[in-house]
Amino acid sequence: MFWIALGAIITGVFIFSITIVSIDSYQYHRNKNIIKSLSQNGDHHKNLVVFFSRSGNTELMARKIAEIKHAAVIPIQSDRDHIGFTGWIEALQDARNTASEITPGKIDLSKYDTIYIGSPIWLYSPAPQIFEFARNNNFTGKKVILFNSMNSKFEQNYIDDFKAIIEKNGGTFVQHLYIIRGRMTQQMNTEEFLKRTTEMVQ
1 MFWIALGAII
11 TGVFIFSITI
21 VSIDSYQYHR
31 NKNIIKSLSQ
41 NGDHHKNLVV
51 FFSRSGNTEL
61 MARKIAEIKH
71 AAVIPIQSDR
81 DHIGFTGWIE
91 ALQDARNTAS
101 EITPGKIDLS
111 KYDTIYIGSP
121 IWLYSPAPQI
131 FEFARNNNFT
141 GKKVILFNSM
151 NSKFEQNYID
161 DFKAIIEKNG
171 GTFVQHLYII
181 RGRMTQQMNT
191 EEFLKRTTEM
201 VQ
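Numbering (the UniProt record's numbering), first residue to last: 1 to 202.
Hints listed in this document are in silico derivations from the structure and should not be mistaken for laboratory results.
As the structure is a computational prediction, the values presented were derived from the model and not from experiment.
All clues stand as given, with none of them false.
In silico SDA-like links for lysine to any residue, alpha-carbon gap of 20 Å or less: (1) 168 with 98; (2) 46 with 201; (3) 46 with 143; (4) 69 with 179; (5) 111 with 172; (6) 142 with 201; (7) 106 with 79; (8) 163 with 135; (9) 111 with 174; (10) 106 with 167; (11) 69 with 200; (12) 153 with 179.
Starting from the given sequences, assemble the full structure and let the hints guide the process.
In structure tokens, the structure reads:
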């Protein structure tokens, strides 16, 4: 009986993992195609959108915000942004950390007034890549808005930690914007996701 139960558990975990990885990969390729349809040109040099995105959900959100606010866009690159099983494991390992190797690490923010910074939520905390970005940059005189996409929820103490970094580096933390997409197998569709993003920032 023990071995039967153990086998059932292992099989269940395997099926769950395959399902999550398949959805992750599907979202990545779908989002890349949708992103191409969004405006890529920021002509309002007072606004900037900085984001880290692994499967493309947060990038969709970021590009839509940039389109609405006529903002410049800077993606944060990381060697921990793989898709598939490797990326899933990396996200679990990195969740709740606040340090990461990123590019660019530091940029000149002097010409911007408002800076939107976004990432997915991993285990209730923003991804470490944006903590690293916040820690490395000077936000003196800048208004900063954090935005996140997530499957379920966030914990406020991690948001407060991010806010503290922004304020320590001279910025004014204005607000936290977020969209809960739902669990992996029951997530809101892309049209609704973009609609919610639009309503949130207008």
